[in-house]
Structures are given as C-alpha cells and as structure tokens.
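> Given next are the chains, with one letter for each unit.
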Amino acid sequence: MAKAIMQLDGLSCPSCMQKIQGALAQQKGVSDVKVLFNASKVKANFDEQVTTADALAEVVDRLGYSVLSLKVKQPQ
Amino acid sequence: MMKFERYIQQHTNQLTLATGLLIILGFISQFSGIGILKTISFIVASLLAATPIVIRAYEALRVKVISIELLVSIAVIGAFVIGEFDESAIVTFLFLFGSFLEEKTLAKTRHSIKALTEMAPTTAAVLQADGTTVETDVDDVEVGDHVLVKTGAQVPVDGVIASGDGYLNESSVTGEAKLVHKGAAAEVFSGTILDNGTLQIEATKVGDDTTFAKIIELVEEAQDTKSTAEKFIDRFATYYTPAVLVIALIVGLISRDFKLAITVLVLGCPGALVIGAPVSNVAGIGNGAKNGVLIKGGEVVDTFAKVDTLVFDKTGTLTEGKTAVTAVENEAADPQRVLALVAKVESASDHPLARAVVAYVDQQQIAFQQLTVTASNTIKGQGIAAIVDQQHVLVGNEKLLAAHHVTLNDTQKATLHQQQQAGSSTVIVAVEQQVQLIMGIADVIRPEVKGALAALKRQGIQHLVMLTGDNALTAQDVADQLGIEEVHANLLPEEKVEQVKALQAQGRKVAFIGDGINDSPSIATADIGIAMGGGTDVAVETSDIVLMRSSFGELRHAYGLAKKTVANLRENIILAIGTVVFLLIGLVFGYIYMASGMFVHEASILVVIFNAMRLIRFHTK
Numbered sequence: 001m002a003k004a005i006m007q008l009d010g011l012s013c014p015s016c017m018q019k020i021q022g023a024l025a026q027q028k029g030v031s032d033v034k035v036l037f038n039a040s041k042v043k044a045n046f047d048e049q050v051t052t053a054d055a056l057a058e059v060v061d062r063l064g065y066s067v068l069s070l071k072v073k074q075p076q
Numbered sequence: 001m002m003k004f005e006r007y008i009q010q011h012t013n014q015l016t017l018a019t020g021l022l023i024i025l026g027f028i029s030q031f032s033g034i035g036i037l038k039t040i041s042f043i044v045a046s047l048l049a050a051t052p053i054v055i056r057a058y059e060a061l062r063v064k065v066i067s068i069e070l071l072v073s074i075a076v077i078g079a080f081v082i083g084e085f086d087e088s089a090i091v092t093f094l095f096l097f098g099s100f101l102e103e104k105t106l107a108k109t110r111h112s113i114k115a116l117t118e119m120a121p122t123t124a125a126v127l128q129a130d131g132t133t134v135e136t137d138v139d140d141v142e143v144g145d146h147v148l149v150k151t152g153a154q155v156p157v158d159g160v161i162a163s164g165d166g167y168l169n170e171s172s173v174t175g176e177a178k179l180v181h182k183g184a185a186a187e188v189f190s191g192t193i194l195d196n197g198t199l200q201i202e203a204t205k206v207g208d209d210t211t212f213a214k215i216i217e218l219v220e221e222a223q224d225t226k227s228t229a230e231k232f233i234d235r236f237a238t239y240y241t242p243a244v245l246v247i248a249l250i251v252g253l254i255s256r257d258f259k260l261a262i263t264v265l266v267l268g269c270p271g272a273l274v275i276g277a278p279v280s281n282v283a284g285i286g287n288g289a290k291n292g293v294l295i296k297g298g299e300v301v302d303t304f305a306k307v308d309t310l311v312f313d314k315t316g317t318l319t320e321g322k323t324a325v326t327a328v329e330n331e332a333a334d335p336q337r338v339l340a341l342v343a344k345v346e347s348a349s350d351h352p353l354a355r356a357v358v359a360y361v362d363q364q365q366i367a368f369q370q371l372t373v374t375a376s377n378t379i380k381g382q383g384i385a386a387i388v389d390q391q392h393v394l395v396g397n398e399k400l401l402a403a404h405h406v407t408l409n410d411t412q413k414a415t416l417h418q419q420q421q422a423g424s425s426t427v428i429v430a431v432e433q434q435v436q437l438i439m440g441i442a443d444v445i446r447p448e449v450k451g452a453l454a455a456l457k458r459q460g461i462q463h464l465v466m467l468t469g470d471n472a473l474t475a476q477d478v479a480d481q482l483g484i485e486e487v488h489a490n491l492l493p494e495e496k497v498e499q500v501k502a503l504q505a506q507g508r509k510v511a512f513i514g515d516g517i518n519d520s521p522s523i524a525t526a527d528i529g530i531a532m533g534g535g536t537d538v539a540v541e542t543s544d545i546v547l548m549r550s551s552f553g554e555l556r557h558a559y560g561l562a563k564k565t566v567a568n569l570r571e572n573i574i575l576a577i578g579t580v581v582f583l584l585i586g587l588v589f590g591y592i593y594m595a596s597g598m599f600v601h602e603a604s605i606l607v608v609i610f611n612a613m614r615l616i617r618f619h620t621k
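Protein chains in written order, with the numbering used here: chain A, 1 to 76; chain B, 1 to 621.
Possibly wrong hints are sitting among the right ones.
[Stated by the list, open to error] With a straight-line cut-off of 25 angstroms between C-alpha atoms, the simulated DSS-like cross-links for lysine-lysine are:
id, chain 1, residue 1, chain 2, residue 2
1, A, Lys73, B, Lys214
2, A, Lys43, B, Lys450
3, A, Lys71, B, Lys114
4, A, Lys43, B, Lys64
5, A, Lys43, B, Lys563
6, B, Lys450, A, Lys34
7, B, Lys114, A, Lys73
8, B, Lys214, A, Lys34
9, A, Lys71, B, Lys564
10, B, Lys178, A, Lys43
11, B, Lys114, B, Lys290
12, A, Lys3, A, Lys43
13, B, Lys290, B, Lys104
14, B, Lys114, A, Lys34
15, A, Lys3, B, Lys150
16, B, Lys178, B, Lys290
17, A, Lys71, A, Lys34
18, B, Lys231, B, Lys564
19, A, Lys71, A, Lys43
20, B, Lys564, B, Lys108
21, B, Lys205, A, Lys73
22, B, Lys231, B, Lys108
23, A, Lys34, B, Lys231
24, A, Lys71, B, Lys214
25, A, Lys34, A, Lys3
26, A, Lys73, A, Lys43
27, B, Lys205, A, Lys43
28, B, Lys564, A, Lys34
29, B, Lys450, B, Lys563
30, B, Lys114, A, Lys43
31, B, Lys150, B, Lys178
32, B, Lys290, B, Lys214
33, B, Lys64, A, Lys28
34, A, Lys34, B, Lys64
35, B, Lys214, A, Lys3
36, B, Lys64, B, Lys3
37, A, Lys3, B, Lys306
[Said to hold, decoys possible] Where chain B lies over chain A, by a calculated footprint (3+ residues, C-beta under 8 angstroms):
id, segment
38, 19-32
39, 38-46
40, 63-71
Simulated from the structure, these hints should not be mistaken for laboratory data. For glycine and all other residues, C-beta sits at the position ideal for the given N, C-alpha and C.
Given the sequences, and given the hints that come with them, work out the whole structure.
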C-alpha cells in the first residue's frame with residue numbers, strides 16, 4: 001500500500017469534499033480516503049498493483065479540482 | 001464535454017459578474033418600460049449562472065451525493081419553466097455570488113495554517129563529494145546527506161551540525177523568538193532560519209519526518225478532526241438535503257402549488273448549519289497555532305472547554321526543573337569574600353548542589369578564579385574540606401561540621417530546620433571553624449505560575465492538583481506557595497495515572513499538564529493531555545494540546561480560547577437554526593419568496609463566517 005497526497009486549490013464547499021471522497025473510494029485498489037477540507041488536501045492509500053497515483057489525480061482533476069502537487073509515500 | 005465543464009468551473013467568477021450586470025440591465029429595462037429587453041436579460045442571466053450550478057449538481061449525483069446544488073438546480077429550472085425569469089436569474093446569481101464570498105472569507109479563517117505551511121522549506125543545498133552543492137527538493141534529500149546552510153537561509157532538514165556555527169531563529173518550531181547560538185554537534189530543526197553564520201548539517205530526518213513537517217501535519221489534521229457536534233451535523237446534512245427534496249415534492253403534491261414547492265427547495269438549503277460549526281473550530285485552532293498552542297481538533301476544543309480540574313506535574317512544569325540557591329542566611333562579616341571561597345571550592349565539583357552554588361556566585365558577579373586551593377578533600381555524603389588562600393574552608397552538611405568539631409548554635413539550627421521544612425537542600429559554610437553561611441538550595445518555582453493559576457481559576461477552573469515523584473515536604477511547600485489545593489507526593493508514573501483516574505471517578509473533567517516524556521501515561525489517561533516542551537516528538541504525539549513555548553500564558557490562552565470557540569460555535573448553530581425558522585415563518589405568512597429566501601440564506605452563511613472570524617483576533621486578557 002502506498003499513500004498518495006494531493007494538494008488541491010482551496011476547497012470551499014463541504015459537498016466538494018463528499019464528491020472527491022466518494023469518487024476516489026469507488027476506484028479499484030483504493031482504501032482509506034481522507035479529504036482535509038481546510039488544508040485542501042487529499043490523502044489516499046492505494047494498491048500499486050492495481051492503480052497509480054497519477055490515475056487518482058486524474059479522477060480528482062476530472063471532478064473539476066486542479067491538483068497542484070502530487071506526492072507518493074512508500075510504506076516504510 | 002469535459003473541456004466545457006472545466007472551462008465553466010474555471011470561469012465561474014466571470015460568469016457571476018456577467019450575471020450580476022445582466023440583472024442590473026434587466027431592472028433598468030424594466031423601469032424604462034422596455035419589456036422585451038428585460039425578459040431577454042433575465043433569461044440570459046439565468047442560463048449563464050445556472051450552468052456551473054447544474055454541472056456541479058450533476059458531478060455530485062454521479063458519485064451518488066445529493067448536493068445543495070441539486071436543490072437549487074431543480075428550483076431554478078422549475079422557475080424557468082413557469083416563466084419566472086427574474087426569480088431564476090436572481091436566485092442563481094445570489095447562489096454563485098454567495099459561494100464566491102464564502103470562499104474569500106473562508107480563506108481568511110484558514111490563513112494561519114496557510115502561513116505555517118508556506119514557511120516550510122522546499123529545497124536543500126546538498127554537498128557533493130567534490131565539494132560543490134546541488135539544489136535538491138527536500139523530499140529527495142537522504143538521511144546522512146550533508147547540506148549547506150548560509151546566512152539568511154532556512155534549515156531544510158532536521159539534523160546535527162557537522163561543522164560551522166551560527167545564530168538560529170527557531171521560532172517556527174519552539175515558538176521562542178530569541179536567537180540561539182549553535183555549534184558543532186548541536187541539533188537543528190527544519191523550518192528554522194539561520195540568522196547569521198554558515199552551517200554544514202548532517203541530515204537525521206528529512207521531508208515529512210521532520211519535526212516541522214509533523215507540526216504542520218498535526219495542525220492540518222486537527223482542523224479537520226471533527227467534534228461530536230460537527231459529526232452529528234454532517235450526518236444530519238446528509239439526510240437533510242434529500243429530505244428537503246421529498247418535502248418539496250409532498251408540499252407540491254398536496255398544495256398543487258408549483259411555485260411553493262420550488263420555493264421550499266431554495267429555503268431548505270442547509271447552508272449556515274453545515275458551515276457554522278467547522279468554521280468556528282478552524283478559526284479557533286488557527287488562532288491557537290498562531291499563538292504557540294497546538295490543539296488537536298474540534299473534539300479537543302469541546303472537551304477542554306468543559307475541564308474543571310487541572311493536574312500538574314511538579315518538576316519541570318510548575319518548577320524550572322533545575323536547582324538554584326533560594327535562601328542565604330549570612331553570619332559572615334565579609335560575605336563577598338566567603339562566597340568567593342565557597343565558589344572556588346565548589347567549582348571543582350560536579351555535584352548539582354555545587355553547581356547551583358557556583359551559578360549563584362557567578363550571578364552576584366563575585367570573582368573567585370584568582371584564589372588558590374592548596375588542599376581539597378571531598379568526603380562522600382558530607383561535603384568538602386579545603387584550604388583556600390591559607391584559610392580552612394568547610395562546605396557541606398551537619399555531619400561534615402561535626403566531624404571537624406564545629407557546632408551550630410540554636411539560631412543556626414533553627415534556620416537549618418526552617419529551610420529543610422521548606423523542602424530545600426542545605427549547604428553550611430564554615431571558615432576557620434566559624435559558621436559563616438547557611439544556603440538553601442531548591443528547585444525554583446517558575447515566576448509566572450502563581451499569577452497564571454489564579455487567573456485560570458477566574459477563567460473557570462475549580463480544582464488544582466499537583467502530582468510529583470518528589471518528597472512530601474518539598475511538594476507541600478511548592479503547593480502552599482502556589483495555592484494548589486491537593487497534593488500527592490512520592491508517586492511513580494503509574495501511580496500518577498491512578499490519581500488521575502481517581503479524580504475522574506469523582507466526576508471531574510481532568511486536564512493533565514506535564515513535560516510530555518515520563519508523564520505520557522497520565523497525559524494519555526486524562527480527558528485532556530497537555531504537553532509542555534515544544535519540539536519533542538513524544539510531546540507532539542501523545543498529547544491533545546501542545547504548548548510550544550511551555551509557558552503558562554499559553555495554557556491560559558488555550559483554556560480561554562477553547563471556551564470562546566465553543567461559545568462561538570453555539571452562537572453559529574443558534575444563528576443557523578434561527579434563520580431556518582425565520583424563513584419558514586416568512587414562507588407561511590407569504591413574505592418570503594425564492595429570491596429573498598436565497599438572499600437571507602446566503603446572508604446567514606456570511607454572518608456565521610464573520611462571527612467565526614472574530615476568533616482569529618481573540619486574546620486572553
């Protein structure tokens with residue numbers, strides 16, 4: 001399991017949060033999605049065998065939120 | 001299609017502006033009697049403003065979320081269909097403009113965190129084998145790499161100084177604004193600024209593992225850790241929005257009044273209620289972060305506001321944690337000379353009492369280095385007998401004096417007893433068989449504590465407790481000086497936990513304040529664990545609240561802030577519910593229609609945000 005951390009443009013409505021949360025949780029290989037509303041960050045654990053961090057950023061991007069930066073943390 | 005959506009999302013603000021202008025044009029045409037221009041203006045405005053709202057509603061629906069946008073979309077389309085173009089234009093415009101203002105004002109409440117993250121270093125100058133440096137992203141620096149930091153630059157990693165020295169501004173990590181001088185082998189932290197000097201640092205922690213990165217992560221997570229009240233509102237909102245849809249449908253079916261049904265949709269938007277509670281917490285926690293108080297989430301704010309009992313660890317929390325001379329009983333004709341003799345004798349010793357004495361004499365600016373010691377004999381468990389400048393000097397306890405046939409008179413004995421009663425260790429000094437000084441040495445109470453405890457009581461704390469591993473005599477003395485009601489001494493860390501549990505069993509809400517390392521079990525057991533001693537990992541991780549500067553001013557601020565934030569949150573919930581009630585009454589009596597309903601709705605959202613913004617400037621008096 002790797003962890004993708006995305007920094008988004010400011011989120012302003014709580015429903016944006018639900019949208020991102022819902023959309024990412026539906027992706028295969030993704031577990032434990034956390035959207036930090038105030039920090040405008042998304043953290044998601046994903047299985048590298050199934051999907052990639054770039055694919056997840058693409059999903060968020062398609063919802064209409066630009067991903068400013070994307071970091072991947074490998075498990076230690 | 002995708003591109004179109006993106007374009008609309010990115011140009012929502014321009015759309016809002018265009019809609020606003022068209023609405024103004026519409027009203028002008030209305031008053032000048034050009035009916036057709038008015039209708040066209042409102043139709044175009046409705047279409048423009050509705051587009052981004054409908055897109056958002058659709059996107060949410062795709063992930064099975066019934067959003068506020070959906071309610072507004074249905075209402076607006078409904079109004080459009082029955083030809084109420086002015087209503088649909090104004091409602092959509094107000095909705096977009098409201099969102100725009102919310103975004104701007106929310107950014108203000110989040111500013112403290114943003115400022116913190118922007119302080120994080122981004123690149124490091126990593127030294128290569130050939131002596132050159134390469135600018136590297138902080139995430140790509142490896143542990144063990146050497147990085148070069150020059151005057152004015154930020155330390156990019158946690159590490160130890162390999163070579164060089166300089167003055168560092170560590171306020172981003174410790175909250176302390178004073179410059180500190182650090183040289184080889186000293187620890188330095190990422191995010192601190194080298195004010196002067198050049199350092200070569202060996203990285204021990206990099207990227208997200210640095211103390212600074214952890215502080216940022218903590219605050220970020222804290223702002224989104226919801227309190228029970230918030231979670232309830234969230235759950236409520238999830239069902240509330242679909243419920244409004246159903247209610248509108250029922251109202252429409254029963255009354256056969258289409259306009260009434262779509263009005264219900266607009267009025268039912270759960271705006272202020274959803275935003276009211278989180279915005280208070282965000283502003284409150286942000287204020288804390290700015291003032292050296294890290295509060296881990298809304299739940300902590302909520303619980304801390306209810307705390308009525310403060311339990312303190314003594315050493316290092318109420319006291320400085322280092323011994324110092326606190327009392328000097330002088331019988332010497334020339335005390336300066338005697339102090340110089342004592343300091344000379346003690347300066348050769350590593351004993352904590354000896355060090356306290358030397359520090360005291362240093363503080364008095366008495367020179368003693370020029371004296372010569374011709375003989376010095378340390379007697380274990382007694383003290384030192386020495387010959388300094390041809391004078392016989394005894395520094396130690398009663399046993400040492402007895403062994404050298406020096407006796408104390410009754411007054412001296414009384415003084416000794418009194419100092420021991422006060423919990424001090426005592427050092428007696430005799431020169432040429434005459435008792436000259438009796439010094440009391442104790443752990444010093446931090447000067448600001450007494451006033452701060454009294455102030456905390458005024459703020460609403462009912463009971464103060466001190467737990468310590470120290471002896472009962474010392475403990476009682478410190479407690480008496482500070483006005484602490486309950487004292488338990490001679491405790492092991494696990495016995496402190498028992499005491500905390502006992503207080504909780506009495507029905508008290510307990511906050512434990514300790515230095516974060518040996519007190520970790522108590523910090524975890526108490527309702528609220530507060531760590532003094534910023535910058536250490538253990539403190540940051542085990543506690544609910546971290547006081548970065550370890551000061552009692554911060555403790556008072558934290559408590560005041562928690563109470564204020566909870567009060568603010570309540571005000572916001574009352575405002576939000578009040579608005580809904582007001583709108584419903586207005587609707588029943590026919591004063592409120594779609595556009596005015598949307599106006600009140602958006603206004604209430606701004607009111608709760610502005611109310612929360614008052615917290616940003618909160619100060620503890």
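> Now tell me if each hint is right for this structure.
Verification of the hints:
{"no.": "1", "hint": "Lys73(A) to Lys214(B)", "result": "holds, 15 angstroms"}
{"no.": "2", "hint": "Lys43(A) to Lys450(B)", "result": "violated, 45 angstroms"}
{"no.": "3", "hint": "Lys71(A) to Lys114(B)", "result": "holds, 18 angstroms"}
{"no.": "4", "hint": "Lys43(A) to Lys64(B)", "result": "holds, 21 angstroms"}
{"no.": "5", "hint": "Lys43(A) to Lys563(B)", "result": "violated, 31 angstroms"}
{"no.": "6", "hint": "Lys450(B) to Lys34(A)", "result": "violated, 44 angstroms"}
{"no.": "7", "hint": "Lys114(B) to Lys73(A)", "result": "holds, 22 angstroms"}
{"no.": "8", "hint": "Lys214(B) to Lys34(A)", "result": "holds, 17 angstroms"}
{"no.": "9", "hint": "Lys71(A) to Lys564(B)", "result": "violated, 37 angstroms"}
{"no.": "10", "hint": "Lys178(B) to Lys43(A)", "result": "violated, 36 angstroms"}
{"no.": "11", "hint": "Lys114(B) to Lys290(B)", "result": "holds, 11 angstroms"}
{"no.": "12", "hint": "Lys3(A) to Lys43(A)", "result": "holds, 7 angstroms"}
{"no.": "13", "hint": "Lys290(B) to Lys104(B)", "result": "holds, 20 angstroms"}
{"no.": "14", "hint": "Lys114(B) to Lys34(A)", "result": "holds, 19 angstroms"}
{"no.": "15", "hint": "Lys3(A) to Lys150(B)", "result": "violated, 34 angstroms"}
{"no.": "16", "hint": "Lys178(B) to Lys290(B)", "result": "holds, 17 angstroms"}
{"no.": "17", "hint": "Lys71(A) to Lys34(A)", "result": "holds, 15 angstroms"}
{"no.": "18", "hint": "Lys231(B) to Lys564(B)", "result": "holds, 20 angstroms"}
{"no.": "19", "hint": "Lys71(A) to Lys43(A)", "result": "holds, 10 angstroms"}
{"no.": "20", "hint": "Lys564(B) to Lys108(B)", "result": "holds, 19 angstroms"}
{"no.": "21", "hint": "Lys205(B) to Lys73(A)", "result": "holds, 15 angstroms"}
{"no.": "22", "hint": "Lys231(B) to Lys108(B)", "result": "holds, 23 angstroms"}
{"no.": "23", "hint": "Lys34(A) to Lys231(B)", "result": "holds, 15 angstroms"}
{"no.": "24", "hint": "Lys71(A) to Lys214(B)", "result": "holds, 16 angstroms"}
{"no.": "25", "hint": "Lys34(A) to Lys3(A)", "result": "holds, 11 angstroms"}
{"no.": "26", "hint": "Lys73(A) to Lys43(A)", "result": "holds, 10 angstroms"}
{"no.": "27", "hint": "Lys205(B) to Lys43(A)", "result": "holds, 22 angstroms"}
{"no.": "28", "hint": "Lys564(B) to Lys34(A)", "result": "violated, 29 angstroms"}
{"no.": "29", "hint": "Lys450(B) to Lys563(B)", "result": "holds, 22 angstroms"}
{"no.": "30", "hint": "Lys114(B) to Lys43(A)", "result": "holds, 18 angstroms"}
{"no.": "31", "hint": "Lys150(B) to Lys178(B)", "result": "holds, 19 angstroms"}
{"no.": "32", "hint": "Lys290(B) to Lys214(B)", "result": "holds, 16 angstroms"}
{"no.": "33", "hint": "Lys64(B) to Lys28(A)", "result": "holds, 17 angstroms"}
{"no.": "34", "hint": "Lys34(A) to Lys64(B)", "result": "holds, 18 angstroms"}
{"no.": "35", "hint": "Lys214(B) to Lys3(A)", "result": "holds, 16 angstroms"}
{"no.": "36", "hint": "Lys64(B) to Lys3(B)", "result": "holds, 23 angstroms"}
{"no.": "37", "hint": "Lys3(A) to Lys306(B)", "result": "violated, 37 angstroms"}
{"no.": "38", "hint": "19-32", "result": "holds (count 4)"}
{"no.": "39", "hint": "38-46", "result": "holds (count 3)"}
{"no.": "40", "hint": "63-71", "result": "holds (count 3)"}
Checked against the numbered hints above, the structure violates hints 2, 5, 6, 9, 10, 15, 28, 37; every other hint is satisfied.
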